[in-house]
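Colleague: For the protein sequence lines, the chains are F and E, in the order given.
For the first sequence, position 1 (counting from the first letter as 1) is numbered 1 according to the working numbering, and the numbering increases by one without interruption.
For the second sequence, position 96 (counting from the first letter as 1) is numbered 1096 according to the working numbering, and the numbering increases by one without interruption.
It is worth saying that the hints were derived from the structure and are not from the lab.
This list has only true hints and no planted wrong ones.
Here are the simulated EDC-like cross-link-like pairs (lysine to aspartate or glutamate), alpha carbons at most 20 angstroms apart as the crow flies:
id	chain 1	residue 1	chain 2	residue 2
1	F	177	F	320
2	E	1110	F	156
3	E	1061	E	1116
4	E	1015	E	1125
5	E	1110	F	260
6	E	1005	E	1120
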Amino acid sequence: MRSVASGVVGVGYTDISPNSGRSTLQLATEAAQAALADAGMTAADVDGLVTYHLDDSDPALGLAQSLGLDDPGVMVDWSDGGGNLACGVVGLADAAIRAGMAHTVIVYRSLNGRSGRRLGGMGQGVDTTGVRQFMTPAGWTTYPEMIAMWARRHMEVYGTTPEHLGTIAVKSRAHAKDNPRAQKREPITLDDYFASPLICDPFRLYDICLESDGACAVVVTAMDRARDTAKPPVGVLAAAHGGTGSGPGADLADVLGMGDLARNFGYAVRDRLYGMAGVTAADLDFAEIYDCFTASVILQLEGFGIVGPGEAGPYVAGDDTFSLGSKLPINTHGGLLSEGYLHGLNHVTEAVLQLRGECGPRQVPDAELALVTAGAMATGSALVLGRV
Amino acid sequence: MAATKPIPTLRGEEKVYFEEAKNGRLVYQLCRDCAQRIFYPRTVCTNCMSENLEYVASAGKGTIYSFTTLHVPGHPEFADDVPYTVVLVDLEEGVRVLADLVDCDPDDVKVGMSVEVLFEAVTEDFTVPRFRPSAQ
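Only chain F is shown next, with the shape it has when bound in the complex (with noise of 0.2 angstroms):
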């Protein structure tokens, strides 16, 4: 167990649609400028700046001019940034400040995902390189073809089936409701989940998430300072980024990357990252899952260990789990299901509100401790958040 270097003081969001009407700079500035304002700071205080993105995005440079920062001491674009760095990057930051190169961080994601540049392939120019030399002849294109070998996997070794993915799709939906950021709040049923047309199966559309436009941000700063902010702060009581890779030439996308599709990059992480937070699964209050898919929430329960492997299905189906009540609640925002696709940033945002008690009528009592994961394939980040 370490001791707590900084905590996340402030966040901030612009509203998430599927069609912004502006730049990927200016909803990167205004979740900026509200994530300072929440945690009574202004640009002054800021000397460090974390995003990632794939090429869908202005670099941190932008915002740094844009905020008018005078010389920065960090400013990192994290490439290859998938979902898989949406808490490695809280993580990056932390780092900055134990190392003493930053005091005040902004960690953000800014998209235009839906109106502007989509993942994968919709719309934009084949990508040919590395691993998708070989897949993009074949008609892989796209994220759902990938994570949909590790669904399929997942189903042929423990019997995970269609209606526990749909569960996954409704429960969700459920919390949406109470969340008026989530672009989708109508709730839906196991029925409305079959009804929902096959993309690539096992996935159907309730399977995926939501490509969004629309940017978040949080403020992370060093214990001394956090302790004077207008809220009150989050710890960064762990954070961890790894996996298992297939050796050199591996991206993002390689499909090829473990050997064990019914597991991914959670169990490669979790001993590190409850270690350095000093706690177990069982200690947890609430948990942000990252939903990119459905599935990948089935495989990271079991990788970090809330369930053991084989055991999420059956798990998420109970009466009395993932709800809001229920002993563990999941994605209490509605998730990047039904709030959007903000690439996992705003599991982050959600975790840090729930904590501070901000969230009405979807808030979690006592929450005290917080898991949040960003992944869905063979590698991955995941934070343990606190009270501190």
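Since the structure of chain F is provided, determine the placement of chain E on it from the hints.
Modeller: What follows is chain E alone, placed relative to chain F:
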């Protein structure tokens, strides 16, 4: 009419792989130092970092490890092909490859199904390996 199929620029490791496909051979790499079998082709071994790799032709037979059938094209260039199935295949030689599956109703695809390779010319200069259910 869908757009032209995407074709990688053949420069390095991938060049050998696709040229061999044009000759009707499905190749993987074998590390001469540690015997690791490697797909897709690289310049260094995924196990021991050796650069002492050779291309070996597979018999082209294996079983499906996982699959998905696309009902909506991931890219406009495949709009005329849906529904189509993409597969991970465990070759008998002990290496996993990826491709698409042809000559098989999507409802009949199963994990563990025996498949064999065939080759299809996308253009005069570019051929892709594909799989179909095994004859027997």
